[in-house]
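Engineer: Sequence:
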Amino acid sequence: MGYSYTAISGFALDSILEQLQHTKDAANTSNGWKHKGVDYFYEQGREQDDGSITGSVWKNLLVTQPCTICIKPECSGHCRKVGSVKIDSKGNVVRFATSSQAQRLAAKVDADKMYEETYNRQISPAASGNYYTGDPLFPEKISGK
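Going by UniProt numbering, the first residue of the sequence shown is number 1, and it counts up by one from there.
To be clear, the hints were calculated from the coordinates, so they are not data collected in a lab. Possibly wrong hints are sitting among the right ones.
[As the list claims (entries may be wrong)] Restraint ranges, calculated between C-beta atoms of paired labels, are given here:
1) V82 / N120: 30 to 40 angstroms
2) H78 / N120: 14 to 24 angstroms
3) H78 / R121: 44 to 54 angstroms
4) R121 / K81: 37 to 47 angstroms
5) R121 / V38: 32 to 42 angstroms
6) D50 / T118: 16 to 26 angstroms
Everything numeric in this text was worked out from a predicted model, so none of it was measured. Idealized CB from N, CA, C, for every residue including glycine.
Make a model of the complete structure from these sequences and hints.
Structural biologist: What follows is the structure, encoded as structure tokens:
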């Protein structure tokens, strides 16, 4: 069993992570990036009924002694939660620690564009409050609670 969210919120997550990883630093991972010289990573939260994405952003703590857990000599093997993540089911990046407002807005624009290209249909402004499966074979609205 997997983790479910709307297609457009998934596109927004991909976009914001790509923007945060723009440095192309060797320390970047699929869910990690370097910001102002510090390593951060995103951890997915619980699955949400409305198709939104939640999670946490963690900061790696650095020490002067070598780590016995990983290969990085400066890593302490410990981290601290620094913020939360919320991408609503319509692809709006509500919050994402270490990101700027411009990055969050750009992620929404990118998500809309990717959705339109992938599913060959525009996002209706009238439907912006509705939850859609994002599946082209099953695009109908799912009624809310």
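Engineer: Decide, hint by hint, whether the structure agrees.
Structural biologist: Hints, verified against the model:
The hinted range of 30 to 40 angstroms is satisfied by V82 and N120, whose Cβ atoms lie roughly 39 angstroms apart. Separation of H78 from N120 is about 47 angstroms and departs from the stated range, judged on CB atoms against 14 to 24 angstroms. Between H78 and R121 the C-beta distance comes to about 46 angstroms, which sits within the given range of 44 to 54 angstroms. The hint said 37 to 47 angstroms for the Cβ distance between R121 and K81, and at roughly 38 angstroms that hint holds.
Our hint of 32 to 42 angstroms for R121 and V38 holds, since their Cβ atoms are close to 41 angstroms apart. For D50 and T118, the hinted distance range of 16 to 26 angstroms is satisfied, since their beta carbons lie about 21 angstroms from each other.
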